[in-house]
Amino acid sequence: MSQNMLLVLMLAVFLGFELIVRVPSTLHTPLMSGSNAISGITIIGALLAVETSGQGGTLSLVLGVCAVFFATINVVGGYAVTNRMLMMFSKKEVGQ
Amino acid sequence: MTPTHLAYIVSAALFAVGLKRMSSPATARQGNLLSAVGMLVAVVFTLARAGLDYRWIAVGVAAGSLVGIVTALKVQMTSMPEMVALFNGSGGLASLLVGWAEFNGQPGPHAVPFLVAVVLTILIGGVTFTGSVIAWGKLSGKVYSGPVTFPGQQVVNGVFLLAVVTLGVLFCVQFGGGGTWRLMGPNTYIYLFVFGAQLLGVMAVIAIGGADMPVVISLLNSYSGLAACAAGFVIDSSILVVAGAFVGASGLILTSIMCKAMNRSLANVLFGGFGVADSSSGGGTEQGEAQAASAQDAYYVLEAAQSIAFVPGYGMAAAQAQHAVRELGDLLEANGAEVQFAVHPVAGRMPGHMNVLLAEANVSYEKFIEMDDINPIIESVDVCVVIGANDVVNPAARDDASSSIYGMPIIEVDRARNVFVLKRSMASGFAGISNPLFYKANTKMIFGDAKATIETLVEEFKAS
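First to last, the protein sequences are chains A and B.
Residues 2 to 97 in the working numbering are what the first sequence spells out, letter by letter.
Residues 890 to 1353 in the working numbering are what the second sequence spells out, letter by letter.
Okay, chain A solo, but in the shape it has when bound (with noise of 0.2 Å):
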């Protein structure tokens, strides 16, 4: 871990709010469940933890296994809500 991590972190907060803000209050559930998808990217660290040869053994194969699952329903189940929810608020103009 690099002190460059915490910059990052630091700046995403920053751009995370100012691109937030501007969400009007119509959007705010599918704000909710679509950053919480985004939030799903905890996928990676799960993949990452399947590991053919791993020094963690079974216990970390499990952990990881269950982790990809939790992650993918978070992520799968987040995005395909949104969007059927968003449809909803699109589907008037292309209608009419």
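Just so you know, these hints were derived from the structure itself, not from any lab.
Idealized CB from N, CA, C, for every residue including glycine.
Among the hints, a few may not be true.
Claimed, not checked - Which residues of chain A face chain B? A partial, calculated answer using Cβ under 7 Å:
no., residue
1, GLN4
2, LEU8
3, THR27
4, LEU28
5, LEU48
6, THR59
7, TYR80
8, THR83
Since chain A is already given, all that's left is putting chain B on it; use the hints.
Below, chain B alone, put in the same frame as chain A:
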């Protein structure tokens, strides 16, 4: 710089652009898809790393996708808060497992920052997981939805939190310091963290009443991002830090909006045990008689009205009345009236809940009007139709300094020319506070199922 690193940079950019596109209903769907592409890019390039066990990964991904897709496609829009809570919890649990697996897979000695990150990932992930599960239980009625409190609860929670933090510090000192003193083995510590974090999550959320769930869900949303962020420090991956920070910021903003809309501090929501039993709750007969009206009475008033504002609350969701409401709105517009939907920021059980339901029923988003925009012009509104909302239109918040919701911003429907309140009975709202609006001279109560009432009105208009 490997292709994977470049791919992560592309992913981070796609997440940022995706969130930016969320700022308008017209581009939001595209934004969500961009964000999903960003996730896909990150996953595919991660899989390119050598030494991964693809069979087990395939099993995890396939099972998780199946559960995720089926849940996402089957869920009712009214149950969205519960589902977001569950997805949130599964993200938190995944982060906890990542922190644990990573610590288990790394031979010592460890650097202190790595150990700190492991502890934080497990603690935040665990709190997010069980906190979300309890929130889900409260929202879906599977767990008692009121606040569960006992004497000395805050002291107990405080001592418990302190104990967990102390253990975390000891853990980092022991295994990062290079010394030989050992209180316990590393795995004992990890078990205690995993168990302690989950217990903390339960204790934190059971004390919070159902009415405060919009705040809790927003906060847990933020935690799930922070857990991913901490996991990023564990596996030394900046994409997790960036994406986690976006979500952390998003959840914090929503939390603060929800708190402002209830005029409460975050500390008050978390530790207040709000909505226990308000002394003035329930009855309120001393305030006079509420005037009941029939749907036919309402029809004559609505038929003559020039401007109408619907004020939906959770009751509309519970009655599944959103489609009937949209149909009534269309008929009123055909009748020459101006129709708007005034949505309070905390109406429903999560931020923006009512907007999603109405969008599902095909209400155009241009018809939504925010609390701050309707209040200055509400005296010119002929009829406000309150559908299953209670606390967010309670004038006591404005007039009665002794009320527990005093100071909370409300949609001031009592200042409109006429108010119809659609309600099942005179029972008090989710927060358990009586509502003087029901006894005002310009207020008429229409008792019964909101959906049935609206459908009767629709029939009346169609018959005319």
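List of violated hint numbers, smallest to largest: Structure breaks hints 1, 2 and 6.
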